[in-house]
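Residue numbers (this note's numbering), protein chains in the order written: chain A, 1 to 111; chain B, 112 to 228.
One or more of the hints may lead you astray.
So the derived list for chain A, only partly shown, Cβ under 8 Å to chain B, looks like this [stated by the list, open to error]:
#1 12
#2 43
#3 46
#4 50
#5 57
#6 60
#7 98
#8 99
#9 100
#10 101
#11 104
#12 108
Simulated coverage check for chain B against chain A, where a stretch passes if three residues somewhere in it have a Cβ under 8 Å from a Cβ of chain A [stated by the list, open to error]:
#13 136–147
#14 179–192
#15 217–228
In case anyone wonders, no lab produced these hints; they're calculated from the structure.
For glycine and all other residues, C-beta sits at the position ideal for the given N, C-alpha and C.
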Amino acid sequence: DAKTTQPPSMDCAEGRAANLPCNHSTISGNEYVYWYRQIHSQGPQYIIHGLKNNETNEMASLIITEDRKSSTLILPHATLRDTAVYYCIVRLSGGYQKVTFGTGTKLQVIP
Amino acid sequence: GAVVSQHPSWVICKSGTSVKIECRSLDFQATTMFWYRQFPKQSLMLMATSNEGSKATYEQGVEKDKFLINHASLTLSTLTVTSAHPEDSSFYICSAGRGGPHNYGYTFGSGTRLTVV
Chain A
1 DAKTTQPPSM DCAEGRAANL PCNHSTISGN EYVYWYRQIH SQGPQYIIHG LKNNETNEMA
61 SLIITEDRKS STLILPHATL RDTAVYYCIV RLSGGYQKVT FGTGTKLQVI P
Chain B
112 GAVVSQHPSW VICKSGTSVK IECRSLDFQA TTMFWYRQFP KQSLMLMATS NEGSKATYEQ
172 GVEKDKFLIN HASLTLSTLT VTSAHPEDSS FYICSAGRGG PHNYGYTFGS GTRLTVV
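Put together the whole structure using the sequences plus the hints.
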């Protein structure tokens, strides 16, 4: 799996959009970008994933650059419950590929 | 759908005893499950890949005789920490992947907080 680089921490005001960047310059053509988050003392939660097109679901939007070397997770209206560690991962598709986690970004949503 | 149940959520045991943690996929079959552990303020560290009906694959540096993994059915994998010591105290998390050509994200259990006293 390709390595990813994320800022260690970010703050965001409640109600504003949170934009979390991720660099994955060594991503290969068949690797997907996945985002998970981990709220304190819980298991990670899947957020969104994409290959090359931008994606949106009820939780977030994922913007992937045209060269696929970086991406941004957008939480459109951050709430206090979005305070968590966010992990960006690149991996091959399929249910059998192991996932290794980097250090992630600790997002603190401020009232 | 895609629920993974992990039990117990927390356990305290005495040094030298063994502890078993269960990971169940409730509404899907998981031929592959993964075990992680996480120390305070650190990221998740992959320990091993659990394959139904075969031996687990351990990551480098993880003692297979200490962390016994059994994946006897398509919905259950267990991790047994044998002869536990205080340094084994950690947050243990399992995840399960769904079969098929494309995976919409692994589902993780809620984790087990192990404290060895």
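Are any of the numbered hints broken by this structure? If so, which, sorted upward?
1, 4, 5, 6, 12 and 14
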